[in-house]
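Asks: Residues per chain are reported as follows:
2 protein chains.
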Amino acid sequence: MASPLIGRHKSEIDTPALIIDLDAMERNIRRMADYFADRPAKLRPHTKTHKCPIVAHKQIAAGARGITCAKLGEAEVMASSGIKDILIANQIIGKEKIARLAALARHADVIVAVDDPANARDLSDAARVFGSEIGVVVEVDVGMGRCGTRTTGQTVSLARLLDSLEGLRFRGLMGYEGHCVFIQDRKDQVEKCHLANSMLVEAAEDVRRAGIEVEIVSGGGTGTYDITGSYPGVTEVEAGSYVFMDTRYLGVIGGFEPALTVLATVISRPGKDVVITDAGMKTVTQEFGLPALKGVQGAELVKLSEEHGQIQLTGEAANLKPGDKVEFIPSHGCTTINLHDAYFAIRGDRLEAVWEIAARGKIR
Amino acid sequence: MASPLIGRHKSEIDTPALIIDLDAMERNIRRMADYFADRPAKLRPHTKTHKCPIVAHKQIAAGARGITCAKLGEAEVMASSGIKDILIANQIIGKEKIARLAALARHADVIVAVDDPANARDLSDAARVFGSEIGVVVEVDVGMGRCGTRTTGQTVSLARLLDSLEGLRFRGLMGYEGHCVFIQDRKDQVEKCHLANSMLVEAAEDVRRAGIEVEIVSGGGTGTYDITGSYPGVTEVEAGSYVFMDTRYLGVIGGFEPALTVLATVISRPGKDVVITDAGMKTVTQEFGLPALKGVQGAELVKLSEEHGQIQLTGEAANLKPGDKVEFIPSHGCTTINLHDAYFAIRGDRLEAVWEIAARGKIR
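Protein chains in written order, with my numbering: chain A, 820 to 1183; chain B, 820 to 1183.
Isolated chain A (complex conformation) (with noise of 0.2 Å):
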């Protein structure tokens, strides 16, 4: 977006500002496309992450499949930025967007889960209203407990529904092993992720037994992504959050940075050992835990309320005043981007793009 700030000092950026560092988004991007650039597995990266369709052509400029999105919504905003390899990693329930859905696809390359007869049905009900062909996956609970089939018997005969239904292009399998994502133990995570990668496989042999193509085995996020990225049989992973990080996923995977903050305003000195800030839970989340303040020795986010943040202080951080800006490193990078409608993109200490956020909010 244009703003009369390009090219301006960090610090002259009115607060509370949704932050890219641009270097460590870039890099990180590159770590990430290195990783599968000479594997069997690719990368379709998670946009329900950045929201961002100027990201998202980075992604696949530098090698990605295609993308994922949440939402039919997103879905919506990437194909209208000219992306046509979209897998919405979810079911589109319900006649309105079932509508949308079919219509989008004649100007994308659209791919759904499913887990339902009879919503295979009224997928190819509207893709023959509109003359398209809707991709579809069977979404397989692979641990997770969320959507998808639960046995063999029920993967195998959605797969042949949906094979056999017109307006409709079967793909193949998704799941998403995300009970392993967190999980502290490299070694048990290794092995749970395993036993996950493996039902995936192992649905997706039984489909082709049943004679079927299978084409897409997609599952996996940013904290399984080498595991389940050099898994034998999956053909794409979907990670999101590596392109920023958070503290949540630094503390669980290594070899990619923070390129996500929220900068912030002191408002207030109201005591000696604390100050006041303009950002709250309505600029930063905190359902995995409060963000960490950046670079500021002897200083701790101790609360956040709707518009203020609360840091306690102890040594140098003793002289903040009103006016002094600090910087947040968000703990879930997700939820914090849906609440900001732009990102300040600097490169160095300089502001080098606005972007907008142009799927926040599409939820529908």
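FYI, nobody ran anything at the bench for these hints, they're computed from the structure.
Mixed in with the good hints, there may be bad ones.
Any copy, or any two copies together, can satisfy a pair, since identical chains are not distinguished.
Stated by the list, open to error - The list that follows gives simulated cross-link-like pairs (lysine to aspartate or glutamate, DMTMM-like), each with its CA atoms no further than 25 Å apart:
| id | residue 1 | residue 2 |
| --- | --- | --- |
| 1 | Lys1113 | Glu915 |
| 2 | Lys1144 | Glu915 |
| 3 | Lys914 | Glu1125 |
| 4 | Lys829 | Glu915 |
| 5 | Lys1011 | Asp1025 |
| 6 | Lys1122 | Glu1106 |
| 7 | Lys877 | Asp1160 |
| 8 | Lys829 | Glu1119 |
| 9 | Lys861 | Asp928 |
| 10 | Lys914 | Glu1146 |
| 11 | Lys1140 | Glu915 |
| 12 | Lys914 | Glu1171 |
| 13 | Lys1122 | Glu1135 |
| 14 | Lys914 | Asp1160 |
| 15 | Lys1011 | Glu1021 |
| 16 | Lys1140 | Asp982 |
| 17 | Lys914 | Asp833 |
| 18 | Lys1091 | Asp1025 |
| 19 | Lys877 | Glu845 |
| 20 | Lys1122 | Asp833 |
| 21 | Lys914 | Asp1168 |
| 22 | Lys914 | Glu1175 |
Fit chain B to the given chain A structure using the hints.
Replies: Just chain B, lined up with the frame of chain A:
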């Protein structure tokens, strides 16, 4: 906003959708207005809850003396809708925001909280540049431990400074007894709240003794509206959440009813005892606990992930299947509303209006 769905049945609204029960909301607005109708203290509703000009206008039409905002960006939205009397219950810090505030003060009677002498001077400088007059109140910390002056000396000397500076109009004091809002034991709550009220009212007396007129003594919220609203010397109460209520406030105050829900669709029925909905953390917040499922026996929301809600089933709810709709009452209305672009306003079972949440995301 124009919508082809106006007049349709609630069940035809695509999800997730933020729903207002208009009859319930109007009763809440009326009840709070009635409480203040014959009292010395008046109501200045906090619009950080609903972030929607049309709701603010309904509150004013019912008798509110003006409105409260948390952020300058919210005040700009409300002023654009023609509202004149606006208290920004927060410090406005930094050159860019102070210029915007001084400019806005040409178009509305804006009052802002101040707790720092340097900030007072910055406000005065900007008002002189714009030829405007910025209303100011001293924010007093009445025991919450957030922003505000903490001694009588600070309060009186800041009031003197504000009263003397060109471009500023000293209006009085503000203090929020946020630490009293969710006290369950009523006797304990009244005691602690009266202590906070007395700190504020006595500070106002101190300022008056210094020869400065104090017109506004502002405090309170939904959780303390009847305690603070009847305390002698308090001139206005900044209640916000009463308009919609949420499960947290329903647990502490009576007389108001839930008027806000999130409508969601079951998107998967992966097992006998579980369904998954399309409403997760990006649709409804959980920092005050999980939302409550409305009107379904034998079903309980047990987990939110980013894009999904997991409902555990027993009893009659065991019939829920993909495509069925369910409704949640948020545990925290203010932050849930902040995730949405629009309200779907229902009367009975029919969609009567779609209202833009125009101040959503106005964090600056």
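Asks: My question is about Lys914 and Asp1160: at a cut-off of 25 Å on alpha-carbon distance, are they close within one copy, between copies, both, or neither?
Replies: Between copies only: 22 Å across, 29 Å inside.
Asks: Can you tell me if Lys1144 and Glu915 fall within 25 Å by alpha carbon in one copy, between copies, both or neither?
Replies: between (46 Å within a copy, 14 Å between copies)
Asks: Please work out whether the CA atoms of Lys914 and Asp833 approach to 25 Å or closer within one copy, between two copies, in both situations, or in neither?
Replies: between (43 Å within a copy, 9 Å between copies)
Asks: With identical chains treated as interchangeable, where does the CA-CA distance between Lys914 and Glu1146 reach 25 Å or less: within a copy, between copies, both, or neither?
Replies: between (44 Å within a copy, 19 Å between copies)
Asks: Tell me, please, which holds for Lys1091 and Asp1025 at an alpha-carbon limit of 25 Å: within, between, both or neither?
Replies: between (67 Å within a copy, 24 Å between copies)
Asks: Is it within a copy, between copies, both, or neither that the alpha carbon of Lys829 lies no farther than 25 Å from that of Glu915?
Replies: between (44 Å within a copy, 14 Å between copies)
Asks: When no copy is specified for Lys1122 and Glu1106, does a C-alpha distance of 25 Å or less occur within a copy, between copies, both, or neither?
Replies: Both ways: Lys1122 and Glu1106 sit 13 Å apart in one copy and 12 Å across, limit 25 Å.
Asks: Within a copy, between copies, both or neither: where do Lys914 and Glu1175 come within 25 Å Cα-Cα?
Replies: Close across copies (24 Å), not inside one copy (30 Å); limit 25 Å.
Asks: With identical chains treated as interchangeable, where does the CA-CA distance between Lys861 and Asp928 reach 25 Å or less: within a copy, between copies, both, or neither?
Replies: Within one copy, since 17 Å is at most 25 Å while 58 Å is not.
Asks: For Lys1140 vs Asp982, is the C-alpha pair at or below 25 Å within one copy, between two copies, both, or neither?
Replies: between (65 Å within a copy, 23 Å between copies)
Asks: Pop the pair Lys914 and Glu1171 into one bin, within, between, both or neither, using alpha-carbon distances up to 25 Å.
Replies: between (43 Å within a copy, 21 Å between copies)
Asks: Up to 25 Å between alpha-carbons, please classify Lys829 paired with Glu1119: within, between, both or neither.
Replies: within (22 Å within a copy, 46 Å between copies)
Going through the hint list in order, the structure satisfies each hint without exception.
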